[in-house]
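S.K.: Each chain is listed here by its residues.
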Amino acid sequence: MKIQSLAVIFIIIILPISIIVSEYIQGQMQTLRLQISYDSKLDDATYDAIKAFQLNTVNSSSSNYADSKLRDIEASVNTFFNLIATNFNMAGYNKDVLKDYVPALVYTMYDGFYIYSPYTNTLDEETSSQITPGTDTDIKYSDGIRVTGLKPYIYYSCRYTTAAIDVVITYSLDNYVTIQGTVNGNAVNKEGYVLDNLTATKDASGNITSITYRGQTISENEPLQQERVGNAIYKYIKINGVKYYQDIDGSWFSLFNGTKLKQDSMGNLTTDNSAYRLYEEAVELRDFIIGNGLNDLTPNDAVIPGDSRNIEDDNGNIVYSFTGEEKIFDYNTTGRSIEDSNSNFNQHRLAVIRYVIERNLSIAIANYNNYSTGIMTNFQMPRLKEEEWDSLLSNISMISFLQGLNIGGKVYNGYSVVNNNKNEEVVTEESIYIVTNDNYYHRITDTNLVADGSNIIGGVLNIDLERKQIIDTDIGNYNDANGSIRYYYPKNYLACYNCIVGQGSINNIGDAKSISQYVQNTGNATLANVYYTTLARERYSMYKVSRDSITFKNSFKVNH
Amino acid sequence: MEDTLMIVIAIGVAVVLMIVVPFMSMADRTDDVVQLTLETALSDFVTTVSTKGEITQDDYSKLVEKISATGNAYDIAVEIQFLDENPGKKTSQVQSTKIGENTYVAIYESQFLEQLDKNGKITLKEGDIVTAGIEKESKSLADILHDVFLGASDNSSYIAVDSKMVTTNGAS
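Just so you know, the sequences run in chain order F and X. Sequence positions in the first sequence follow the working numbering and run 1 to 560. Sequence positions in the second sequence follow the working numbering and run 1001 to 1172.
Derived by calculation from the structure, the hints in this document are not laboratory data. Do not rely on the hints blindly, as some may be mistaken.
To be verified - Negatives, chain X to chain F, calculated, CB over 12 Å:
hint, residue
1, T1030
2, T1056
3, Y1060
4, K1062
5, S1068
6, A1069
7, T1070
8, I1107
9, D1117
10, K1118
11, N1119
12, L1141
13, D1143
14, I1144
15, L1145
16, D1147
Claimed, not checked - Cut-off 25 Å, straight-line C-alpha distance, at most; resulting in silico cross-link-like pairs (DSS-like, lysine-lysine):
hint, chain 1, residue 1, chain 2, residue 2
17, X, K1125, F, K468
18, X, K1052, F, K422
19, X, K1052, F, K491
20, F, K422, X, K1125
21, X, K1125, F, K491
In this text, a Cβ means the ideal position worked out from N, Cα and C, and glycines have one as well.
Produce the complete structure using the sequences and hints provided.
M.R.: Below, the structure written as C-alpha cells:
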C-alpha cells in the first residue's frame, strides 16, 4: 500500500475521533461556563435580596416587630425572585419556572432563622369551616394545599437535661442567651450576656453599686446621646429598638416610618443607663448560672438524637461533637475568658447554631422532593464550606439554593451565602466606630487611636451613619407643606481616610481573642471606656423579643 | 487512475486539515474572546449604574463603544424597572418605598433612549432594577464557517445579560 493510501486511512480514522473529542471538550467547557454564569446570577440575586432587606429595615422604624419583619423578609424574597427571573429571563427561564428550582431560602437572624420553602397548609376544623368554598382564600389556603412561604421562626436553641436541670437555652449571634425551664423543680427564666472580666461591688443587701468591665468603671448615668432628625439635632434615648427624641419644648416623640409620633409618658429622662444595665444583667446572669449549677452543664447533656451528635465539615472531618464532658459555661477558667472565640461556651454556641440550621434546612430541602412537580432531580442539601459557616455565624445572612437546572453535561446544583454587616438585628464588635473631635469616625483598630485618647469624643453604631428618611412636615426644621420625603444622616461624621476609606492604618488584633480584649491590651483607658460603653449601650437598646415593650420602657423612667 | 484519485482525496483532506479546521478553531476562539469582552462591558455598565444610581449618556456611549470595537453588529436592550412608590399593601406600617413589595413600572429600549437623549441622564433610586442584554444582529465569522461546513451555528439571540438592583439614590 502506498504512503498516500496509508495517510488517507490514518486521517479517516483520526479525524472523526478528534472531532468527537473536540466537541466533547467544547461541551464540557460550555457546561463549566454555564455553571459559572449561573453561580454569578445566583450570587447577584442573593446579594440584592439581602441588600433590599437592609434598606427596608434601616428605613423602617417598625421592622423590629415580628409582623413587620416578616413583611421585610417576604419583600426580600420577592426581590430575590424578581432579580433571578430578570437575570434568567432572557436565557429562556421565567419567574414561575425558576421557583420550582429553588428548594429553600434561608434568612439567619439574631437568635433564630426563617426558611422560605413549600409546606402543606394545615388548618383545624374550626378555621376550615370559616373559609367559603370557591373563594380565592379557599383555592390558595385550604387545608392540605401546598403553600410556598415563610415557615415559623426557628430559634437557635438546645435542650439540656440532668437529674436536677431541664432547661432550654437559646443562643444568639453574640453572647446573649435566654435560659428557660426548671432547676430543681422550680421554673426559671433568665436572660443576658455571658461575660466575665466583670467586677461588681455590692452593698449590704446585695444590690450592685458599681461595675467595672476589663478594668473600666462603667457609668450608670451616661448623658443622653444626640443625633440629627432632618436638619435639627435632638437628644434621644433608644429603648428596645425604638429611639425616643426630646423635642425643643421638652416633650418626647419617636419616628414611625418617617413621621412624628408623640410620646406623652416619657417623663424627664436626663441620662441613659443602658450600658450599665447590660453589665448589671451580665453579673446577675453569671450569679444565676453558677448559683443554680448550670455551669456544670456539658455538651453531653444536650438532648440531640444519637445519630447526629457530630458536626462534620465538607470533607467529613468531625469539627464538633456533642459528646464532650467539658463545661459549657466555663467562667473563671485560668488563662482564658468565656468571651474568647476559643472558649467552651463560644465553641458550643456556634455548634448549636450550626446544628439547628443544618438539621432544619436538610429536612426542608429533602421534603422539597415531595412538592416539586415535573422536575427529575433529587434535591439534597449541599455541604457548606467552613468559611461559609464562619460567615453565616458572624452576622445576619441569606442562603439561597438553586438546583435541578440542566446545564448540558450535568444538572446544576448551586447555592450562595451572602452576609450583611449593616442591619438593625445585630451589634457586632466591629460595628462600633470611634469618633474624634475633628468629626471623623474611625475603625476601632485604627493605629492612630492607640497612643492618644484625648481627642476621642464618643462611639457610634455603624447603621447610625446610614442615610435615613422622614416624611413629616414639622420635624427637623423642615417646613415643607407637601410632606415630601427628606433624606438626612443621623450621625453626620466623616469617614477616616486611613482606616475606613483605605485600610492603611489598621492594627491586627494579634493574639487577642476578641476586639474587646484587643482594646484592653492597647492600654488606652479612654478608648476602652468609650468602646465598652458604646458597645454595651447599643446592644442593650436593641429590640429583644423576650422583653415586654411597655414594662421595659417604664423601667427606664423608674430608674431615673 | 487510482493513484490520481487518492492524491485528490489526500489534497482535499490536507486542505481541510491545514486551512479550514485551524481557521474554524481560530474563529471560535475569537468568538470566545468577543463573548468575554461583551460580558465584561455589560457587567461594568450595570454595576456602574447600580452603584451611581444614574445612567448617563457617557456611560451608555462607553458601552456602545466597547461593544462596537468587537467588529460585529449587536443590539443593546436596556430595561429599567422603577420601584413604584404606591404602597403594595394596605397596612398601618406602610412605607412608601418598600423594596420587593411595591410594584415596578418598567421602561424599555425606545423609552430609555428617548429619555436619555432628552435629559442626558436618567436618575434612579434605591430598589430600582436595571437590566441590560446584548443581542446578536449579524453573524460572526465563526457562525458563517459553522453554517458552511457543519450546517448549523449557535442561533441564541441574547449572548450576554446582566441585571442588578440599584443600591443608592442618584443625584438629581
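S.K.: Please go over all the hints and tell whether each is borne out by the structure.
M.R.: Results for each hint:
No beta-carbon of chain F comes within 12 Å of the beta-carbon of T1030/X; the shortest separation is about 15 Å. Distance to chain F confirms T1056/X as a non-interface residue, since its nearest Cβ pair spans about 21 Å, more than 12 Å. The beta carbon of Y1060/X is kept farther than 12 Å from every beta carbon of chain F, the shortest such distance being approximately 19 Å. Chain F leaves K1062/X outside its interface by the beta-carbon criterion, the shortest separation being 21 Å against a cut-off of 12 Å.
Listed as outside the interface, S1068/X is consistent with that label: its C-beta sits roughly 21 Å from the nearest C-beta of chain F, beyond the 12 Å cut-off. Every CB of chain F is more than 12 Å from the CB of A1069/X (nearest about 22 Å), matching its label as outside the interface. Listed as a non-interface residue, T1070/X keeps its Cβ farther than 12 Å from every Cβ of chain F; the least gap is roughly 18 Å. Here I1107/X stays apart from chain F, with its beta-carbon at least about 14 Å from theirs, past the 12 Å limit.
Listed as a non-interface residue, D1117/X keeps its Cβ farther than 12 Å from every Cβ of chain F; the least gap is roughly 25 Å. Even its closest Cβ contact with chain F, about 24 Å, leaves K1118/X beyond 12 Å, as expected for a residue assigned away from the interface. The non-interface label for N1119/X is consistent with chain F: the shortest C-beta to C-beta separation is roughly 21 Å, beyond 12 Å. No beta-carbon of chain F is positioned within 12 Å of the beta-carbon of L1141/X; the least distance is around 17 Å.
In this structure D1143/X is separated from chain F by more than 12 Å, as the shortest Cβ-Cβ distance comes to about 15 Å. For I1144/X, the condition that its CB be more than 12 Å from all CB atoms of chain F holds, with the nearest at approximately 18 Å. The beta carbon of L1145/X is kept farther than 12 Å from every beta carbon of chain F, the shortest such distance being approximately 14 Å. D1147/X, annotated as away from the interface, keeps every beta carbon of chain F farther than 12 Å; the closest lies near 17 Å.
A distance of roughly 14 Å separates the Cα atoms of K1125/X and K468/F; the hinted pair therefore holds under the 25 Å criterion. Using a Cα cut-off of 25 Å, the hinted pair K1052/X and K422/F holds, with the two alpha carbons roughly 19 Å apart. Distance check on the hinted pair: K1052/X and K491/F sit about 22 Å apart at the alpha-carbon level, within 25 Å; holds. Annotation: proposed proximity of K422/F to K1125/X holds, straight-line Cα distance about 19 Å (limit 25 Å).
Restraint check: the Cα-Cα separation between K1125/X and K491/F comes to about 22 Å, which is no more than 25 Å; the hinted pair holds.
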